[in-house]
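> Taken in sequence, the protein lines are chains S and D. Residues are numbered in my numbering as their position in the first sequence, beginning at 1, plus a constant of 13. Residues are numbered in my numbering as their position in the second sequence, beginning at 1, plus a constant of 473.
I should point out that these hints are in silico values taken from the structure, not numbers from a laboratory. Please read these numbers as outputs of a predicted model, since none were measured by experiment. Hints should not be assumed to be uniformly reliable.
[Said to hold, decoys possible] Label pairs and their calculated CB-CB ranges:
1. Leu289/S to Asp520/D: 21 to 31 Å
2. Leu159/S to Asp604/D: 47 to 57 Å
3. Arg705/D to Leu115/S: 55 to 65 Å
4. Asp509/D to Val288/S: 27 to 37 Å
5. Ala125/S to Glu692/D: 46 to 56 Å
Every residue gets a Cβ at the ideal spot worked out from N, C-alpha and C, and that includes glycine.
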Amino acid sequence: MRPTFSILCFTVLSGIGYGAWFLQGLAWAIGPICEAHSAASGVPWELCPVAFWTKAGSMLALLFVSTGLLCSLGHLGKPSRAWRALSQWRSSWLSREGVFALLTFVPFVLIAAQEVALWIAVVRAGPDGTVALSGWVSQGGLPRRLLGFCLAAGSLATVFCTANIYASLKPIRAWNDRHVVPAYLSIGLYGGCLLLAAMTVDRSMEFRDHRILLTGTIVLAVACAWLKHRYWRSIDAQSSTTTGHAIGLESLGTVRPLEAPHTEENYLTHEMGFVLARKHSTKLRRIALAAAFLIPALLAVLTFVLPRVYPLTVWLALASGIVGLFVERWLFFAEAKHAVMAFYGR
Amino acid sequence: MTTLPPPSPRKLGLVIDLDTCVGCHACAVACKEWNDGGQFGPLPDRDAYGAEPDGVWFNRVHSYAVEPGSDHAEGASNRCAGPDPESPAPKPGLTVHFPRSCLHCEAPGCVTVCPTGASYKRAEDGIVLVDEDKCIGCQLCAWACPYGAREISVRKGTMQKCTLCVDRIYNETLDEEDRQPACVKACPTRARHFGDLGDAESAVSRLVAERDGYALMPEFGYRPVNRYLPPRPRRDAANAPPAPPREETLDREKLPGVLRWLDRVLSR
Ligand code: SF4
Ligand code: SF4
Chain S
14 MRPTFSILCF TVLSGIGYGA WFLQGLAWAI GPICEAHSAA SGVPWELCPV AFWTKAGSML
74 ALLFVSTGLL CSLGHLGKPS RAWRALSQWR SSWLSREGVF ALLTFVPFVL IAAQEVALWI
134 AVVRAGPDGT VALSGWVSQG GLPRRLLGFC LAAGSLATVF CTANIYASLK PIRAWNDRHV
194 VPAYLSIGLY GGCLLLAAMT VDRSMEFRDH RILLTGTIVL AVACAWLKHR YWRSIDAQSS
254 TTTGHAIGLE SLGTVRPLEA PHTEENYLTH EMGFVLARKH STKLRRIALA AAFLIPALLA
314 VLTFVLPRVY PLTVWLALAS GIVGLFVERW LFFAEAKHAV MAFYGR
Chain D
474 MTTLPPPSPR KLGLVIDLDT CVGCHACAVA CKEWNDGGQF GPLPDRDAYG AEPDGVWFNR
534 VHSYAVEPGS DHAEGASNRC AGPDPESPAP KPGLTVHFPR SCLHCEAPGC VTVCPTGASY
594 KRAEDGIVLV DEDKCIGCQL CAWACPYGAR EISVRKGTMQ KCTLCVDRIY NETLDEEDRQ
654 PACVKACPTR ARHFGDLGDA ESAVSRLVAE RDGYALMPEF GYRPVNRYLP PRPRRDAANA
714 PPAPPREETL DREKLPGVLR WLDRVLSR
């Protein structure tokens, strides 16, 4: 399958953005519980996920999500009709994805409104005034916790639908593989972790407040790399459809194309006949593994060992991760073979 | 609506005879011509008169060489009577011409993946169509079709595919015998047959039963309606009918006078 830039951008960037929103939403939803728990049990509170909270992190995630979604419009032949794609959620994963992608903006916008209300209250109170926090806007209040939960659930659902768009396509065996959905979900989560780790830079805080994110980066990098390795092993073992099987005459002998139906390339051969040389794919897999997972994980370890290099390390980790994930996604397309190519003997 | 309609008893489709198809592309050309002007057209090409023309065709004709050989797929159903496996004579090779178009599947993945409802399967006769006014050109349906039956129009930005000539087969302004898909009408060897494959008594269903017609790549579970008829067994030296006697007979009495004389002179 031909890797299109618009789709690569969409799946990589939105994946990272929704991953970050998922973690952020989760922090809002369960952070207060952890805080109360740590107060009661004496576990240090910097281990509470609420420490993820950063405006910069969720705003950058917003940028990633929106850029990704806008890029995806670039893939359409008729972008102005994109709204129609929200109608067939009963049968179509693409439609479901569109619905969840937009629905997830609702809790995000409401949380942003809460933050603005909070900020206005603080400004009104002046430098010495005390702000009486209403439960409606406070970070630990029930509304915020519910909204946080919705944000996390919506983000998860969106990435799940994205993965299923590919995983449900039977003619493309490399996508119809059982590793595809877990890989999309964990890579989204991993990307979100990288993004938040890079943006949760608060000079007033010690780096130890970000231990969860750094630990998450390391653990998820290992998990994702392992999943991708399993995925590649699995698709390497797949046999491709033969021409004889495609035309249903394999029982007569070996079938090979004699004359193509058209002299020039057509839509099918252009879109689905993209071939990647085997030797390149091996090399690119290594590059993807190194840039997407190995380097960021090593940088996270380095941050633990040498806290003074923070936050440069987390920024580098995010940059390397994004580049690596683009290579990984490019391969996801380039290595996948469509069944129709059997008719062309390719 | 991209959820599928309940199965209809009427399943309109094509039966294509790979034995008689000579690969002349008449069906493909007739299809392009009709649909360029029909209700689902036009089918504009990019660079139509240039070096690399590119445009939508609903029907594409492949040609294949079949080499009978030892690498006969194991366990493959011996669906069509190929060369007699018992025969000691060398098995002849085969050229097969293979027209490929939408099979109007009963459970078409191309329809259920469509996010807009532009792709749909008609409840009344099972024809799979694209509503050009709703299509956003996301191309997911083309990815979902294992048979390569959908192509996007680069000029229009929307998906196009075989309509089974829905604008001919019900068209009352045409003569009764012309209410057939353009490809079927155009085929010079009558290799294409159109009819209701849901009716076991229809001519097409009987043809399929008689000739062991088969569906393409059933493993995808799309349940194509169209059927292909396999090539008939080829004659080889062992099962060929005896050659006709070589000598010719000449009835001298029936010849006109001059020729009878000539015959006599030459026979001396
Ligand atoms: S052949 Fe392809 S386009 Fe036609 S109905 Fe089947 S899946 Fe859809
Ligand atoms: S290209 Fe058009 S018909 Fe095909 S899935 Fe997308 S919207 Fe539906």
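> Return the numbers of the hints above that this structure violates; sort them in rising order.
Structure breaks hint 2 only.
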